[in-house]
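Engineer: Chain by chain, the residues run as shown.
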Amino acid sequence: MSEIKKTSLHQEHLELKAKMAPFAGFDMPLQYSSVKEESLAVRSSAGVFDVSHMGEFFVRGKEAIQFVDYLIPNDFIGADIGKAVYSPLCREDGTVIDDLIAYKLSEEEILICVNAANIEKDWNWINSHVEKFDCTLVNESNDYSLLALQGPKSESILKELEIFPDQDFSYYSARRITSPKGSFILARTGYTGEDGFEVFGGHEDIKTLWSQLLSAGVTPCGLASRDVLRLEVAYPLYGHELNDTITPLDAGLKWTVKLDKGDFIGKNTLSEYKPNYRLAKLSLDKGIPREGYEVLNEQNEVIGKITSGTMSVTLSKGIGIALIEKDKFPKDKVFNIKVRANIMPANYHAKAFVVGGHK
Amino acid sequence: MASQIPENLKYTKEHEWALIEGDTVTVGITDFAQSQLGDIVFVELPEVGTELELNSTFGVVESIKSVSDLYAPISGEVIEINEELVDSPEKCNEAPYESWFIKLKVTNTDDLNELLDPKSYEEVCEE
Chain E
1 MSEIKKTSLH QEHLELKAKM APFAGFDMPL QYSSVKEESL AVRSSAGVFD VSHMGEFFVR
61 GKEAIQFVDY LIPNDFIGAD IGKAVYSPLC REDGTVIDDL IAYKLSEEEI LICVNAANIE
121 KDWNWINSHV EKFDCTLVNE SNDYSLLALQ GPKSESILKE LEIFPDQDFS YYSARRITSP
181 KGSFILARTG YTGEDGFEVF GGHEDIKTLW SQLLSAGVTP CGLASRDVLR LEVAYPLYGH
241 ELNDTITPLD AGLKWTVKLD KGDFIGKNTL SEYKPNYRLA KLSLDKGIPR EGYEVLNEQN
301 EVIGKITSGT MSVTLSKGIG IALIEKDKFP KDKVFNIKVR ANIMPANYHA KAFVVGGHK
Chain D
1001 MASQIPENLK YTKEHEWALI EGDTVTVGIT DFAQSQLGDI VFVELPEVGT ELELNSTFGV
1061 VESIKSVSDL YAPISGEVIE INEELVDSPE KCNEAPYESW FIKLKVTNTD DLNELLDPKS
1121 YEEVCEE
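Just so you know, the protein sequences line up as chains E and D, in that order. Mapping of the first sequence onto my numbering: position 106 corresponds to residue 106, and the numbering continues sequentially without gaps. Mapping of the second sequence onto my numbering: position 23 corresponds to residue 1023, and the numbering continues sequentially without gaps.
Some hints could be false.
One-sided excerpt, in silico: chain E residues whose CB lies under 8 Å from chain D [said to hold, decoys possible]:
{"#": "1", "residue": "Gln31"}
{"#": "2", "residue": "Val35"}
{"#": "3", "residue": "Gly82"}
{"#": "4", "residue": "Ser283"}
{"#": "5", "residue": "Met311"}
The set of hints was computed from the structure by calculation and includes no laboratory data. Glycine included, every Cβ here is placed at the ideal spot set by N, Cα and C.
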């Protein structure tokens, strides 16, 4: 293994006495005060996450938009300039390489933000397809730091700091902005379900912004609360709900696969594909579902397993997402979860566990 | 911030404390353990009457993101469990040395000699 990497805010995390742990090759903050306090701060006020470990690729040129549209199953051509699109990234056989957000910054400039653990894999894949298009691909992951400011007070905080566009800036908007505080790419995206923003910038500008946000009373939040928050709103996480062996149609992402758009990698397979799996959102009244726990039907036959589980801070209840074999998905929605030696009845949730307040 | 290690208790390498009173041993987790775990949200305890072997698992303590087994610091019979912790697991964070998990009736007094004194336990925490 190569030496562990540090984000530009590493020293700040240590000074805040964060509990640190290796994640995707980076020494990252898991929590500062407590996972509970951090999660509740994001739901009720505002929290900030250092997510500089994530990867930033830029596609620039005349056919940049066409190229990204060909790469991903979701519709990118149809998105307006200044908007972002969430999508899986698939192989020809439909399996998922990663999930990403593509930001249409202009007619000829697109930012693709990818998971830290997959930067190299994604780069190799995307780079192997770029030559057919009139555009360039650059990996600028090392040049950018990234903060996620999340929570209902995020907008007013950014306005106070004069980092907010004059124009309409609704959910999933994305724009380059120059402010007295520096040059940033600002996007109304996030991974918590709350209103909030992701701010990409140079290391020094982001370090300044981090300290300004903390001075404004924003709670520093670690990766542990980020995982709780995304699970509460049932967002998938690569390596858990998504992986190299399943397609987006197995993982509840049918809405991202636009079979009626132009050609894209994986289209032929996905057009014919019959899913093998279906996700189920389950909670327990007593106990906490954890990754790997078996999920059973009413007759206590194993029908799947938990891919992510945690204690929901908002609901004070154990919640989890399960990957269920599609032909065994119980029509009566009766599920049990094997928690150590005990078989516990689970509640089935048709919708996300928590409704976030994003705009 | 150094964690508290009361002088009147014995300890294990698994970060549990034991209060010895005659042939009864009360068991909980240490201040160091609770601070490492973070917000404790779930506690699972054995039934009264369970016979525990030394170092066998007798229950589970879960934080938001992790699951940790609890180990019997001695062999003995469970004579009482702290039901209050099952309803209010956060007490383990707030007052770790008042938040006992189980009381054991000692079956082998030799086990008591294997427990760590406060100074030895402090060294375990510094490792």
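Engineer: Now tell me, hint by hint, if it's right for this structure.
Structural biologist: These are the hints, each one checked on the structure:
no.	hint	verdict
1	Gln31	holds (6 Å)
2	Val35	holds (5 Å)
3	Gly82	violated (37 Å)
4	Ser283	violated (13 Å)
5	Met311	holds (4 Å)
In summary, the numbered hints that this structure violates are 3, 4.
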